[in-house]
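Asks: Protein sequences, first through last, are from chains E and S.
Read in my numbering, the first sequence has 36 at position 36, and its numbers run on one by one without any break.
Read in my numbering, the second sequence has 1098 at position 98, and its numbers run on one by one without any break.
Treat the hints as calculated values from the structure; they're not laboratory data.
The beta carbon of each residue, even a glycine, is placed where N, CA and C say it ideally should be.
Any given hint could turn out to be false.
[To be verified] Simulated restraints, written as ranges between beta carbons of each label pair:
(1) Asp482(E) - Gly1132(S): 32 to 40 Å
(2) Lys288(E) - Leu1121(S): 46 to 54 Å
(3) Phe396(E) - Gly1148(S): 28 to 36 Å
(4) Glu171(E) - Phe1118(S): 54 to 62 Å
(5) Gly121(E) - Asn1036(S): 56 to 64 Å
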Amino acid sequence: MDRNKIDKKEEERKLFEELENSEYKYGFETKIDMDTFGKGLNEDTVRLISQKKNEPDFLLEWRLRAFRHWQTMEMPDWAHLKINPIDFQEIVYYAAPKKKKELTSLDEVDEEILDTFNRLGIPLDEQKKLSGVAVDAVFDSVSVATTFSDKLKELGVIFCSFSEAVKTHPELIKKYLGSVVPYRDNFFATLNSAVFSDGTFCYIPKGVICPMDLSSYFRINTANIGQFERTLIIAEERSSVNYLEGCTAPMRDENQLHAAVVELIALDDAKIKYSTVQNWYPGDKEGKGGIYNFVTKRGICKGDNSKISWTQVETGSAITWKYPSCILKGDNSVGEFYSVAVTNNYQQADTGTKMIHLGKNTKSTIISKGISGGHSNNSYRGLVRMTNSANNSRNFSQCDSLLLGDKCGAHTFPYLEIHKNNSSKVEHEATTSRIGENQLFYLQQRGLSMEDAVSMIVNGFCKEVLNELPMEFAVEAQKLLDISLEGSVG
Amino acid sequence: MLKIECLNVEIDNKKILKGINLEVNKGEIHAIMGPNGSGKSTLTQTIAGREEYRVTSGSISYKGMDLMKMDPEIRAREGIFAAFQYPIEIPGVNNAYFLRTALNAIQKHKGLEDVDPFNFLKLIKKKMKEIGMNEDMLKRSVNEGFSGGEKKRNEILQLSILQPDLAVLDETDSGLDIDALKIVSEGVNKFHGPEKSIILITHYQRLLDYIKPDFVHVLSNGRIIKSGGSELALELEAKGYDWLNDLSEIEGECK
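Please take these sequences and the hints and turn them into a complete structure.
Replies: Now the structure itself:
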């Protein structure tokens, strides 16, 4: 009889959990012993982080330069966003799961952490690893596991946590860190440069087509933690890599800050494709809580004929503020930006890209799809700059907005800078439409429910972007779109 | 099958239908003719369940059920199909995918199994051939960039795949050249059977050369002012609608 009781309790628990998480199903918190700094930020915090990681002096000095510069900066307010004041002294800058012992293999990663990533659909243990995708799992401030590292090493591909790369390849870090996003770049990038705690490092050697997709999965767990990680990807001549990025966080009433920096470097004839499905906790229906996602992502097509392609599906976060950009320095280089940004309830997004044309015959494409529902605000902000050296260059931009309901907003801020350049061409198209009553009715008249009709129309609207995602990611993204838009049409 | 009694419909507080009575039995074809602005499309939209068309009084029963209590998608799943005068474009949504989703929503409602993609492809290819549609329309988005004629054919394709019990065809003939008209009519005739009823809404008589109605009704100023057999259509073709104008004054609103 006890057994029955237990089963019943277990069932109730599951049901409760299901109900609780029906909207944001990654909102759980992992209970685990953490090694955590107290709240607050000063020079000692920066030194302590560096010390924790046994960093070489050059890195500590770089951090300190960043920190000193950051103290002279003010938080920018040019974005079309309403941001509650952030008290940077109320943030925890470092939290890492306590290691029970030194790890020598993945099998020794803490149960709770493996379990957490399992629940997020990212199995890390050897037997159940995702086939064909290598994962670097970042938990709060540190990378906890990296799969397939050894296998990739055979090809000369370096795929590891940022901290490990600092130890094993300091020369590469020294050469490339801050080379695309300098530590003085902007308020949040500068803060990140001072206090970043980990992240992912990828190096693809000359001529290597990376045989599997590389990915990072970011998980925020601890309350009041700010997550500051860096990703650095270097693709040598004639190499190519696909990189994916995902993220989630527990549901909390306070806003939490995530300020990452991503730097991509593509040398001659190299290709980097970087895809993100961003699903940070968006806050509740009343707009309480959620992640502030203030990220600087930039790639440089340093070599001739190189290509960098950004694809992002942004469904989460209370506020999203990011502009994955391309500096097209090499002749004939190509930059692409494909974006779907969804905002619902009280979410805000100000996102877009910068395409900086420096080389000759450079080409950029921008496809942005903004979808807003509820009381949300969704802005596209994009800069296309044609410098006088970028002869015969081309840009095509298309920015479409879809409004669900009548309390949300969509805005487009395109900036064009053409410097003494008559041979280049820039095209910009923009549309804003309300989801059509006619379209909805047409689909309903064929037997589809209202929800399915909305989902079908939205998916059709973003199709050009979703097509750019790798298969597994596209399915995930489609599901996320559906969840994010639940109840968005009144 | 369908029984409309004393139906009054408004849109934006403007009375459009003023006491319609119409009964359509299993297997019957009814043609509803009338000049522009007489309320023909309003009738289609009301049967299909468009919210903006407000039923102020009267009733519609369908297979013994109160249609007014059914959501548009339930009406569709119960076998009502409206072919629209201006089929809607849905960018980025694949035509075949849309149609399979619709078919499976109906299958599910009926407690039947999903049609798998393979069998669906066979079915749709066969039907497309019948109505002379190019196979590349499988890959295109729903009605996007379709010519007027292609859109109408696409409606008939949907009709032949979804196999409803009652089809309301709203000006399906408009914008079609004579060859397309023939093909579309053939599609409708192939669909028709002892269990399948059709309401044909049309401005012109020429469609009725190809699809033979059992009854013809003249709709004018929101009322059915005259009903008869198929010969009434010919009379209208010869004399126009004007000679009927007086009638609308005589037959009053139904109480």
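Asks: Each hint needs a verdict: does it hold in this structure or not?
Replies: Results of checking the hints against the structure:
1. Asp482(E) - Gly1132(S): 32 to 40 Å: 37 Å Cβ-Cβ, so the 32 to 40 Å window holds.
2. Lys288(E) - Leu1121(S): 46 to 54 Å: At 48 Å between Cβs, range holds.
3. Phe396(E) - Gly1148(S): 28 to 36 Å: With a Cβ separation near 30 Å, Phe396(E) and Gly1148(S) satisfy 28 to 36 Å, so the hint holds.
4. Glu171(E) - Phe1118(S): 54 to 62 Å: At 56 Å between Cβs, range holds.
5. Gly121(E) - Asn1036(S): 56 to 64 Å: 57 Å, holds
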